[in-house]
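Here is what each chain is made of, one letter per residue.
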Amino acid sequence: MTTLAESLNPSSSEQTLEKIERSAIDASARLPVLLFFGTAIFWLLIGSLLALVASFKMSIPGFLDNEAWLTFGRVRPAHMNTVIYGWASAAGIGVGLWLMARLCRVAMMHTSLLIVAAIFWNLGVLVGTLGILAGDSRSIEWLEFPGYSTPILFIAYAFIGIWGIIMFRFRRPGHVYVSQWYLLAAFLWFPWLYGTVNILLIWQPILGSAQGAVNWWYAHNVLGLWFTPIGLASAYYMIPKVIGRPIHSYYLSILGFWSLALFYSWNGMHHLIGGPFPAWMISASVVASIMMFIPVITVAINHHMTMKGHFGGLKWSPTLRFTVFGAMSYTVVSFQGSLMAIPTLNQITHFTHYTIGHSHLGLYAFFTMMMFGAMYYITPRLVGWEWPSANLIRWHFWLAAIGILVMVGALTLGGIIQGLALYDPAVNFMNSMHFASPFLWVRSISGLLLTAAHVIFAVHFVMMLLQMGSKRGEPTLFARPVLEEETLSV
Amino acid sequence: MVPAILILGGLIFLSGSALIAFYWAARSGQFRNLKKGSEVIFDEDEPIGQSTDRFPMKHKE
Amino acid sequence: MNRLPLLFLGIFLTFASAWAGLVAYPYLKLGQLLPITNEETGELVPPPLSGIADAGQDVYAANGCLYCHSQQVRPAYLSTDIAKGLGPRRTVARDYIRSRPAFLGTMRTGPDLTNVGLRYSAEWQHRHLYEPGEVSKGSIMPAFRYLYIMQKIEGAPNADALKDLTGPHAPKPGYEVVPTEDAKALVAYLLSLKRNYPLPESPEEALE
Chain F
12 MTTLAESLNP SSSEQTLEKI ERSAIDASAR LPVLLFFGTA IFWLLIGSLL ALVASFKMSI
72 PGFLDNEAWL TFGRVRPAHM NTVIYGWASA AGIGVGLWLM ARLCRVAMMH TSLLIVAAIF
132 WNLGVLVGTL GILAGDSRSI EWLEFPGYST PILFIAYAFI GIWGIIMFRF RRPGHVYVSQ
192 WYLLAAFLWF PWLYGTVNIL LIWQPILGSA QGAVNWWYAH NVLGLWFTPI GLASAYYMIP
252 KVIGRPIHSY YLSILGFWSL ALFYSWNGMH HLIGGPFPAW MISASVVASI MMFIPVITVA
312 INHHMTMKGH FGGLKWSPTL RFTVFGAMSY TVVSFQGSLM AIPTLNQITH FTHYTIGHSH
372 LGLYAFFTMM MFGAMYYITP RLVGWEWPSA NLIRWHFWLA AIGILVMVGA LTLGGIIQGL
432 ALYDPAVNFM NSMHFASPFL WVRSISGLLL TAAHVIFAVH FVMMLLQMGS KRGEPTLFAR
492 PVLEEETLSV
Chain E
3 MVPAILILGG LIFLSGSALI AFYWAARSGQ FRNLKKGSEV IFDEDEPIGQ STDRFPMKHK
63 E
Chain W
54 MNRLPLLFLG IFLTFASAWA GLVAYPYLKL GQLLPITNEE TGELVPPPLS GIADAGQDVY
114 AANGCLYCHS QQVRPAYLST DIAKGLGPRR TVARDYIRSR PAFLGTMRTG PDLTNVGLRY
174 SAEWQHRHLY EPGEVSKGSI MPAFRYLYIM QKIEGAPNAD ALKDLTGPHA PKPGYEVVPT
234 EDAKALVAYL LSLKRNYPLP ESPEEALE
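For the record, the sequence lines run as chains F, E and W.
Counting from 1 along the first sequence, just add 11 to a position and that's the residue number in our numbering.
Counting from 1 along the second sequence, just add 2 to a position and that's the residue number in our numbering.
Counting from 1 along the third sequence, just add 53 to a position and that's the residue number in our numbering.
The hints are simulated quantities; they were obtained by calculation from the structure and are not laboratory data.
Some clues are possibly wrong.
Said to hold, decoys possible - Computed from the model, here is a short list of chain F residues facing chain E with C-beta under 7 angstroms:
no.	residue
1	His186
2	Val187
3	Tyr188
4	Ile254
5	Tyr261
6	Tyr262
7	Pro329
8	Tyr388
9	Trp398
What the hints assert, rightly or not - Quick list of in silico lysine to aspartate or glutamate cross-link-like pairs, DMTMM-like style, CA-CA up to 25 angstroms:
no.	chain 1	residue 1	chain 2	residue 2
10	W	Lys247	W	Asp235
11	F	Lys482	E	Glu41
12	F	Lys482	E	Asp45
13	W	Lys216	W	Glu257
14	W	Lys190	F	Glu78
15	W	Lys247	F	Asp435
16	F	Lys482	E	Glu48
17	F	Lys482	E	Asp47
18	W	Lys216	F	Asp435
19	W	Lys190	F	Asp435
Stated by the list, open to error - Every beta carbon over 12 angstroms from chain F, so not counted as near; a handful from chain W, in silico:
no.	residue
20	Ala214
21	Pro224
22	Val231
23	Asp235
No experiment lies behind these values; they were computed from the predicted model shown.
Yeah, the Cβ is synthetic: ideal placement off N, Cα and C, and Gly gets one too.
Produce the complete structure using the sequences and hints provided.
This is the structure we're talking about:
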């Protein structure tokens with residue numbers, strides 16, 4: 012029976028010293044990771060529903076307009092916060108926890124910390140979402156959860172951070188894999204971002220347009236220093252593991268990590284080009300946004316060279332399909348982001364649907380698809396069963412892929428048209444709206460495709476929990492190892 | 003004043019830990035033998051050359 | 054690696070610089086701006102908000118007006134905002150020191166509101182909030198009927214009752230639509246949105 016002090020000291024642990032079965036690691040991670048995955052999928056469904064309501068309201072303004080809690084100005088931030096904190100962050104945490112255990116090569120310990128964290132996290136999201144619908148949001152973008160819910164999230168997070176540090180101390184000695192660098196960085200960066208912005212905008216608000224600077228420093232950094240590292244950590248692990256081949260250039264992956272860390276933080280102001288700020292702040296952000304080409308190209312080359320010759324894997328591996336879709340989207344959205352920061356282009360695209368297309372390309376086509384891929388890999392290893400139905404996975408993939416491509420396409424085209432109309436002083440404002448309206452209808456329909464994909468995924472996940480698939484072979488291989496004889500439909 | 007101290011403290015902690023991390027990594031040889039580093043996620047159970055994921059089969063074993 | 058200390062210094066400075074530029078500077082400099090005195094009129098600019106207009110900011114925040122409406126006029130060298138008549142000059146940090154929070158916004162699904170107080174009367178604003186589709190044909194703005202009360206007329210009509218309502222929710226004979234305190238506060242806030250006072254850091258720009 013170890014005391015608490017002993018449980019925090021690596022030199023007292025036997026498992027650090029001897030090799031441990033991979034399946035034992037997976038088994039130890041089961042409850043916390045499934046808790047995060049399950050609740051994340053719940054919020055994905057809620058967030059999708061809120062998205063549909065908001066999207067249809069933009070085409071039918073009279074839709075559900077009797078109640079205060081359903082007004083567009085509340086449903087839209089409720090959608091954003093449930094998908095950012097309820098779905099994406101929770102899925103990212105679940106994936107990150109499992110990756111940490113695998114990469115530390117020890118069984119998860121102090122899982123009670125994580126279970127408490129999961130409960131608090133979900134409580135925070137629930138209270139926050141209800142608070143927005145009740146009218147307590149301050150309309151600070153990406154931070155609309157009212158002040159009474161954010162400490163709950165912060166506590167949840169603190170537990171996760173503490174756990175991460177303990178796990179790292181207990182890891183088996185040896186090389187620290189690149190995914191682990193990304194995860195540790197993400198786990199440390201996020202509380203600092205969240206704490207700083209809560210202090211400066213909610214607890215002791217600073218005055219005036221300075222809030223905008225801090226607001227977008229936060230929001231953009233959540234993308235680049237929280238979601239991006241978790242997504243890339245997953246890609247750097249999943250791609251090599253699935254195809255059975257190490258990363259092409261490990262040196263490039265390390266270069267990519269450090270250059271991301273250095274350049275990313277300056278980007279935030281590109282959301283406010285032309286805004287009430289000193290010119291140097293905006294210019295610095297534009298420059299940093301262009302500098303981002305370096306880490307992004309690094310990652311793209313690395314992924315491509317690793318995958319080269321193995322693209323056939325997209326036919327038989329669900330994880331690879333989702334992960335590679337996500338990785339390619341990462342490259343595209345990052346290039347698009349760098350270009351959008353150029354003032355000549357920004358004059359047209361700022362304030363339009365184009366920005367929304369960009370944000371969905373990043374958070375959905377990159378991050379969400381990446382998380383789906385990781386969850387398809389991880390879940391069987393946690394429960395010891397295969398996914399019951401290949402067809403449900405295929406439907407999920409195609410509905411999501413087509414849905415998001417159509418959505419981004421519609422918002423991008425609609426946004427450009429809207430932006431050109433807004434730019435021209437001779438064009439009446441109302442026309443900028445009318446020109447874009449067919450594209451908003453297309454967006455709503457693509458949202459239906461995405462929601463269907465999520466329902467399928469949720470149902471399939473529940474089937475997994477109910478152990479409706481066939482048992483997996485030991486230790487973590489699928490039962491039928493031979494590849495070349497199979498021809499499977501896509 | 004308190005918020006400024008907290009934020010400044012956070013920054014110093016973060017940058018400091020980044021520096022310490024980089025220093026430790028350089029010292030403990032994380033940047034040596036990168037090829038071996040990339041192979042650390044493989045072992046006897048799941049060796050290089052073997053895939054570890056596929057669509058579930060329609061029939062059970 | 055002998056050059057480690059120099060490398061560390063470089064890493065530290067780069068990482069810290071973003072924080073310094075985007076968080077510390079706004080906090081220390083922009084966040085401490087004070088109103089100044091208009092030399093011609095002797096008034097403080099930006100002018101303080103009346104109590105009810107200040108309360109209106111809370112209604113604006115609670116109902117998410119910012120998700121469709123921006124409040125910033127960009128300079129002529131970066132946009133056509135001034136040519137389109139959004140304001141006589143670009144907005145600067147000092148313009149937002151009374152805002153809680155600064156509703157800069159990032160979408161123009163609806164028009165920019167920086168100077169909306171110069172364009173419409175209180176009557177127009179109330180009618181527009183109650184039935185936007187009637188006031189602006191083809192508008193996708195949602196109606197904010199929940200900020201208003203439909204009530205039976207008792208004796209003389211209420212002085213604040215909305216006039217000339219034409220849409221499907223217009224009051225039947227014998228009924229009137231009256232604004233709640235929230236609606237009055239919101240409209241007072243909208244009427245306060247005027248950034249046509251001069252500021253030395255943002256001179257009026259001649260139209261091209």
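Status of the hints after comparison with the structure:
| no. | hint | verdict |
| --- | --- | --- |
| 1 | His186 | holds (5 angstroms) |
| 2 | Val187 | holds (6 angstroms) |
| 3 | Tyr188 | holds (5 angstroms) |
| 4 | Ile254 | holds (6 angstroms) |
| 5 | Tyr261 | holds (4 angstroms) |
| 6 | Tyr262 | holds (5 angstroms) |
| 7 | Pro329 | holds (6 angstroms) |
| 8 | Tyr388 | holds (6 angstroms) |
| 9 | Trp398 | holds (5 angstroms) |
| 10 | Lys247(W) x Asp235(W) | holds (21 angstroms) |
| 11 | Lys482(F) x Glu41(E) | violated (29 angstroms) |
| 12 | Lys482(F) x Asp45(E) | holds (23 angstroms) |
| 13 | Lys216(W) x Glu257(W) | violated (37 angstroms) |
| 14 | Lys190(W) x Glu78(F) | holds (23 angstroms) |
| 15 | Lys247(W) x Asp435(F) | holds (23 angstroms) |
| 16 | Lys482(F) x Glu48(E) | holds (19 angstroms) |
| 17 | Lys482(F) x Asp47(E) | holds (18 angstroms) |
| 18 | Lys216(W) x Asp435(F) | violated (35 angstroms) |
| 19 | Lys190(W) x Asp435(F) | holds (21 angstroms) |
| 20 | Ala214 | holds (21 angstroms) |
| 21 | Pro224 | holds (16 angstroms) |
| 22 | Val231 | holds (17 angstroms) |
| 23 | Asp235 | violated (9 angstroms) |
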